[in-house]
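Heads up: the protein sequence lines correspond to chains L and A, in order. Here the working numbering is used: the first residue of the first sequence is 1, the next is one more, and so on. Here the working numbering is used: the first residue of the second sequence is 1, the next is one more, and so on.
A portion of the hints provided could be inaccurate.
As the list claims (entries may be wrong) - Result set (DSSO-like, lysine-lysine): computed pairs, CA atoms no more than 27 Å apart in a straight line: (1) Lys49(A) / Lys355(L); (2) Lys42(A) / Lys80(L); (3) Lys32(A) / Lys325(L); (4) Lys372(L) / Lys23(A); (5) Lys32(A) / Lys355(L); (6) Lys23(A) / Lys355(L); (7) Lys23(A) / Lys405(L).
Simulated from the structure, these hints should not be mistaken for lab results. Note that the structure is a prediction, hence the values are computed from the model and not measured.
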Amino acid sequence: MGIISSVSEIRKHFPALEQQVNGKRLVYLDNGATAHKPQSVIDLINQMNSRTNGNIHRAVHELSAQTTALYESAREEIQKYLNAAHREEIIFTSGTTASINLVAYSFALSSLKRGDAILISEAEHHSNIVPWQLVCEMRGAELRVLPVDDSGNWILESLDKLLDNSVKLVAVSQISNVLGIINPIEDVISKAHALGIPVLIDGAQGVVHTKVDLQKLDCDFYAFSGHKLYGPTGIGVLYGKKGVLDSMPPWMGGGDMVESVTFKKTTYAPLPLKFEAGTPNFIGAAALGEAIRFMNQIDLEAVSEYEQEIVAFLAEELTKIDGVKVYGVSNKKIPLFSFTAEGAYPSDIAMIMDKLGIALRSGFMCAEPLMKRLGADSMLRASFGMYNTMEEAQLFIDGLKRALKMLR
Amino acid sequence: MTIKEVEQEIVDEFSIFTEWMDKYEYLIELGKSLPIIGDSAKQESNLIKGCQSRVWLNAQISDGKLYFTADSDAIITKGIISLLVRVYSGRTPKEILEADIEFIEKIGLQDNLSPTRANGLLSMIRQIKYYAAAYS
Chain L
1 MGIISSVSEI RKHFPALEQQ VNGKRLVYLD NGATAHKPQS VIDLINQMNS
51 RTNGNIHRAV HELSAQTTAL YESAREEIQK YLNAAHREEI IFTSGTTASI
101 NLVAYSFALS SLKRGDAILI SEAEHHSNIV PWQLVCEMRG AELRVLPVDD
151 SGNWILESLD KLLDNSVKLV AVSQISNVLG IINPIEDVIS KAHALGIPVL
201 IDGAQGVVHT KVDLQKLDCD FYAFSGHKLY GPTGIGVLYG KKGVLDSMPP
251 WMGGGDMVES VTFKKTTYAP LPLKFEAGTP NFIGAAALGE AIRFMNQIDL
301 EAVSEYEQEI VAFLAEELTK IDGVKVYGVS NKKIPLFSFT AEGAYPSDIA
351 MIMDKLGIAL RSGFMCAEPL MKRLGADSML RASFGMYNTM EEAQLFIDGL
401 KRALKMLR
Chain A
1 MTIKEVEQEI VDEFSIFTEW MDKYEYLIEL GKSLPIIGDS AKQESNLIKG
51 CQSRVWLNAQ ISDGKLYFTA DSDAIITKGI ISLLVRVYSG RTPKEILEAD
101 IEFIEKIGLQ DNLSPTRANG LLSMIRQIKY YAAAYS
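So that you can see chain L by itself, here it is in the shape it has in the complex (with noise of 0.2 Å):
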């Protein structure tokens, strides 16, 4: 197959895109929360679950060679689509929360000592926050916010007053999922690096919408998860320089993580094994890797060119529609939009728009401190994939002034 450059060919890779809901076509508006998957990925999972099924790293046998195989190709699949210097720097979680919480666990609880602290900033995602606090209370830690201003971006000139010798690690997300901004984390990268800081990024957007290259980049840690990028649930990696994550002890322990065991000591296997205890989703893990393979046939600059209409578009009508509210405004924002609109209630939005064959995000969106920052308790949102249509954006603004006619 050659290179996807069109909208209308993506779109005939993803059998979920054609069904009718509540006897409507089907508008999926949600992919900041999951993404529907392409044909290539479905088969693989129906090929392993129905005949490739054997556990990894451990017998001789041929289906288990044939497993191992798929696993570790889909650990380099990543490796090279993220531009990671190893492939044992790619670790296998169950998603973007396990893996900051293996960071949480290992990395920092290991090494936070009363009177250090974490820095975050105002617009993460409660998989940002908690795993942090959770530490930072068992040490006697400071977690430290990097506020956002009225449009939601970074105040970046507190980051001078914020970043001191006591911050151990810096955790922020490379775009935010309330509010679409493509974050200035380079900025952030190099500030930290100057004072010896190492980063974490949280991608579970980032990597869908932007073309990362870890070593460009040069954080430390990057996170994100399958089921967003186009892959199955319940598989994720985590990105980390190869001196860090060796310099880290294990978090779980189980199989496949260890060396030798004794009662009186036990030495662990290297990376990347050694975050990996138990048997891990293999068959997620493959089908991950068929994901990137399925990325890597797409002309993502043609994607991106064709998102940015989406964004001017959206940026446009949802301002012309009466007591519409967006948050997040930025130049460098991807086709996700969170908004309320006066004299209606978010969910009721969504309720009717569903009705309408249109699905929305309705609610806190997992990021209660930022929607307190902005003022609202409830938004709603509407994030778009790289298989959805201008005529569907269309659609979302044309059913949301049916809504908003019949809530007023």
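Use these hints to put chain A onto chain L, whose structure you have.
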């Protein structure tokens, strides 16, 4: 009218709607006409928290019967609340405890009572039953 009869009345009312939008229009209308509970009753102790919307429920007993007023920040939720209030308000605790309501499902709104919807409705029904148990 018994609880069962009121339920049947609601089912009959909804039977004329063939389109979802008409059903929602009606719920919105009901939501808008539901008497809003006073600010004094809109306190933390009457609040039922959900991720999607909040619900306030206030109960009063008079002559052995329970009277409910309720509110929500979401209007469709409020419409469904008004139906629940219509069914449960002015009943004895015994009637409430014995009632096994079916109309929500019959009019196709059962999704709104799923725990994943987190709009406070399921907790509201539970709360109504608690009040009835407390006064019985």
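Subject >> Restraint status (C-alpha distance of lysine 49(A) to lysine 355(L) at most 27 Å) >> reply: With Cα atoms ~25 Å apart, lysine 49(A) and lysine 355(L) stay inside 27 Å; holds.
Subject >> Satisfaction of hint between lysine 23(A) and lysine 372(L), Cα-Cα up to 27 Å >> reply: violated (33 Å)
Original post:
Within 27 Å, alpha carbon to alpha carbon, are lysine 42(A) and lysine 80(L)?
Top reply: violated (57 Å)
Original post:
When you check the alpha-carbon spacing of lysine 32(A) and lysine 355(L), does it fall within 27 Å?
Top reply: holds (21 Å)
Original post:
Keeping to a limit of 27 Å between CA atoms, is the pair of lysine 23(A) and lysine 405(L) held or broken?
Top reply: holds (15 Å)
**OP:** Verify the proposed pairing of lysine 32(A) with lysine 325(L), using a straight-line Cα cut of 27 Å.
**Re:** OK: lysine 32(A) and lysine 325(L) at ~23 Å, within 27 Å.
Original post:
Is it true that the CA of lysine 23(A) sits at most 27 Å from the CA of lysine 355(L)?
Top reply: OK: lysine 23(A) and lysine 355(L) at ~11 Å, within 27 Å.
The structure is inconsistent with the numbered hints 2, 4, although it conforms to all the rest.
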